[in-house]
Structure formats: C-alpha cells, structure tokens
Amino acid sequence: MKTTFLDFEQPIAELENKIEELRFVQDDSAVDISAEIGHLEKKSQELTKTIYGKLTATQISQVARHPQRPYTLDYIKALCTDFEELHGDRTYADDAAIVGGLARFNGQSVMVIGHQKGRDTKDRQFRNFGMPRPEGYRKALRLMKLAEKFGLPVLTFVDTPGAYPGIGAEERGQSEAIGRNLFEMAKLRVPVVTTVIGEGGSGGALAIAVGDVVMMLQYSTYSVISPEGCASILWKTAEKAPEAAEAMGITAGRLKTLGLIDKVINEPLGGAHRNYPQMMASMKKAIADALKGLQEKSVDELLDARFERLMGYGKYKEVSVA
Amino acid sequence: MSWLQKLLPPKIKSREPGTKSAVPEGLWHKCSACGSVLYRTDLENNLDVCPKCNFHNRISARRRLDLMLDAEGRFEIGAEVRPVDILKFKAVKRYGDQLESFKESTGEDDALVVMQGAIHSVPVVVAVFEYGFVNGSMGSVVGERFVRGVQAAIENGVPFICVAASGGARMQEGLTSLMQMAKTSAILTKLADKRLPFISLLTDPTMGGVSASFAFLGDVVIGEPGALIGFAGPRVIEQTVRETLPEGFQRAEFLLEKGAIDMVVDRREMRLQIAQLLTLLAKQPAVSA
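Protein chains in written order, with our numbering: chain Z, 1 to 322; chain A, 1 to 289.
Calculated directly from the structure, the hints in this document are not laboratory data. Ideal placement from N, C-alpha and C gives every residue a C-beta, glycine not left out. Treat the hints with care, since some could be wrong.
[As the list claims (entries may be wrong)] Computed footprint of chain Z on chain A; a stretch qualifies when at least three of its residues, placed anywhere within it, have a C-beta under 8 Å from a C-beta of chain Z:
| no. | region |
| --- | --- |
| 1 | 81-91 |
| 2 | 138-146 |
| 3 | 174-181 |
| 4 | 209-215 |
| 5 | 239-248 |
Based on the provided sequences and hints, a complete structural model is requested.
Rendered as structure tokens:
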C-alpha cells in the first residue's frame, strides 16, 4: 500500500518518491545504487523525525484522521483471536458506525467495542464516517451489559468525529442514548479499558469512553467540540480552527498533563499507519498492562476508583461564603 | 425632505433614529412570538408567559427558583465553588474576562444555582441553569455544584430536580467540560441507589452536552412548552443532511410525540405538577394547591 502523505509531510513525500524512482531504476541497471538508496532512506527517516518532533495540534489532528490509520477492526483483528461480531440494538437497527463483539485477548474472553470508519467511499458511507446514531450507542450498551452479566472485561476503541447530527438520530433520542451510556458505564461491574485511537469527537466519543483506564495514541485527539466547530462559534470563522485546536488542548500529551487521561501510547515514526505491526505490539502491551492492574482489584474497589475518578474531573476554586 | 414630511406638523414627525423614548425602558414588552405589546408587570405576574399566546420567555435561574420553591427555608448549595480559567483560553475574547463580564451582567458567578428548599412543603434540592451565563454552558463549576446538589439530596433523603437551560458543554474549558457529562451522570447513579427521585425539567434551550448527559436520565422528564431540546443544533443538522427540518423539530411537543419526554407542562402549573409527581412517587397524600 502506497503511503498517503499529508500536506506538512510533503518534503518526506518528495524524498520517498525519489527513493521509489531509484528502486525502479536499479531493477534494470548494471550500476549498484543501493548505497544511494540507503542514504536517502536514512535521510527520509531523519526528516520524519524532525517534522514529527514538533507537530502542531492541527497537524496531529490530521494524522488522527489519516485515511490509512488503523481503525477499530484492524486492532481487533491484530490483537484478538476468535472475534465474534454481535449486531443490533434489538430495537431499531444495527449501526455500522459502532462494531462490537466477543473475542479473546491473550486467550482471555473479552468484549470489544469501537467506532468504525470506512476505508473507501462506499465503505465510508456504510460506516457513516464513524458517526453513530442512537442505535449504535444502544448496541454498545447492550454489549456492555452482556459483558457485565458474564464478567468479561470491556475494551473500547474510540475513533469518531462525533455522534451523527441527523434528523432520525434526534428523533430516536441521540441525547438519551449517550446520557444512558454515561450513567450505565459509571457503574458497570467489569473493568473497562478505553483507548482513543484516532478522533475522540465529543459526546459521541465519551459515550463509549467512561473507562477505568483511558489511554490515547500519541497522534490521536480528544475534544469537547471539533476545532472547526469551536472556531466557527468563538471566532465566527472556521478558518481559525488551528487557533481553536491549540487553545482547547486536544492532543494526548496536553491531556495527560491536565490529568484527563492515564497514558499516552507511543506511535511508530510518522504515525500508526506507517507501521501497523509495531503499533499493534505497543497497543497489545498497553492494554495487557492496563487489564492486569484492573483485574487485581475487587469489583467494589474497581467501582469506587472509577467513581472517584469521575468525581475528580474539573478544576475550580473554593471561596468562603457568608 | 419629501413633500409628505413637509406637510406633517412637527409633533407627529417620526423621531430621529437613536433618540430615546420618553417611556421608561422595560415598561412594555413586545412578545417575540405573537408580537403583542404587553405591560411588563402583567407579563411578570403571569410568570413570564405571554398571556395572549402562551409563549414561555426564558427566565433567570434565581427567578425560576423563586417561582418554584416555597418562600420559607431556602438555602443555597455550592456557592463556594467558583470558576477558574484552566487553559488560559483566549478566542476573540479571553475566557477570564468573559467570566467577569457575565458575572456583571447576570449577577451569578457561574451557570448553575443550586438550592435546597421545598415545593408545596415537599422538601427538595433544585439545581437551575442560568442561561445568561456563557449560554448556560456546563464547565467545572456547573459539574461540581450539580454533584454537591445531588449529594445534599442524598444526605437529606430528598428528591433532586434539575432545570436545564444550556447550549451544552463549555468549550472554553476544553475536554474538562466534556468530562462534566460523565461526572454529572455518575453522581445520579448514587441518587438512584437510594431510590430518590430525579425530576429533569428541560427548558429553552437544552442542547449538546447537557442534553446528552443527565437531562434525559430523569425518572420523570418534563419539557416546557416550545422549548428547543436536542443533541445537535438545528443549523448543524441542516448543514449535515441538507434537508429542511420538519415543522416543530426538536421542540418539547415534538419530543413528547417521539416518546422522548413524559410530559409538556405549562410553567404556571409546574409547581403543583412537580409536587404531585413527588408525592405520588413517595406514596404520600396529594398536596393542596
């Protein structure tokens, strides 16, 4: 698969193209130019390191939305065995923007749930660009309750621009579906490990992200509103999205500093899409570590800790009032 | 000057634009729904509901509490919790400055006022959103006051009522504001454990992160007539689906029809209605109006 380069990666793209050309030439050339190729490859790596060493929030959000980025089903396929997808909310429909089911993680039965984006135009439409409707959240809740019934840990993967803003979604209670999940997840009697793998878009993300451990990939984002949305409200123009992205603090590093997430999982050089196997290996270790810590706790300890964590969100000052 | 203006005697010439009227400001109110010109005192005596067309005007948090609670035995909860500018957020305006200016314009220091009191002698804790304060948006202070309100309800073994009027999460606090959705929903699990009622009253407007957290978690969910209630704003939906929205879309009556709320209640009946629900749930005799 040919790598798609983002606009700020153009210098890398040019080098990579050159390497590609040389490789092509080398195939039917008597002269050995492998040394030259090696040199350029090294240069490309260094360039990538430099560029990725100082990404802005906007650039990170571009990587988070990269069309070749691994999606939930890629992680499930790589991290789990025996995945049995379960469908439908039993009330209205099966929402393809959220996938979930039973699987084995390191041999242990788990419930996996995540937003799913599509790879090509048709698939993207089928997955509704990873924007769930109420039935998606209700399916997720059904699977979580199923996990609770059988004592299975829940792994969730977050990757959505947000819950779908549509007429039908509103009519079927988008708000209620999200709120219900927040309520139920706060007291779900099994461990929940959440990882933001791409876009953590607002309430639509949070609705499957109330976890005991919340992790984010290095180049993923998590925000209360999209930078474009924030900019168009507070700056009256979507063009100020880069400023909004910086101001809100949507990147993993910043959110870790603010104490809103537990762990940042490092990505391969140039982002998760540049090296799937390496990404999967780091992810597997991170989830295994998180699960191990949680499974040492009793259910009551687990729930108390989750509740304390939820109550701890927020920064304010206290003054004495007469 | 046109020939008509020349003809008119000076006294009935229209006033220059921008000149002040001799009538004191605020004596009259023109209904934004039906256009009737109302004497403000009449409107206030009617709980800010238009006597001609029943349009429910937005009211401040304090006024709502005044209309809802018995005069005796009120005290405020969580007033000690005050906002901080976590991110040193600056868009066109600085968030820190905005907090100051909204404090001046509303008299509140954040968008939620919580009070313990009674409705027709039924003891309750009521949390009310102040829409005038940063669009009633939910940030850290709103979340914490909500939690303290629910905790007070649990400690006193009384029902909790929330009157929502909010544009959603407060983006000037970044992701912390999103987490208030999880926080407020989580504390309600404790209220539910104690089998204490949660009545959620949704007023104009209840949107976004407030709508998508505790708003629909009420044991009984009530809408005020005409209130706009929904997850995504109508403009966003229109831009996404590129269709015209159905008549009355996201209004309280529409939600009732779709099965999203239990009832639409006129503000003038609200006190009695809520007291009635609470006594029914508590297996107590009816209150007398």
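Hints and how they fare:
For a cut-off of 8 Å, the count of residues in the region 81-91 of chain A with a CB near a CB of chain Z stands at 9, and the three-residue condition holds. Restraint check on the region 138-146 of chain A versus chain Z: 5 residues with Cβ-Cβ distances below 8 Å, three needed, restraint holds. Closer than 8 Å: that is the beta-carbon criterion, and the region 174-181 of chain A has 8 residues meeting it against chain Z, so the requirement of 3 holds. With 6 residues having a beta carbon nearer than 8 Å to a beta carbon of chain Z, the region 209-215 of chain A meets the requirement of three or more and the stated coverage holds.
Only residues whose C-beta sits within less than 8 Å of a C-beta in chain Z count toward coverage, and the region 239-248 of chain A has 5 of them, enough to reach three; the restraint holds.
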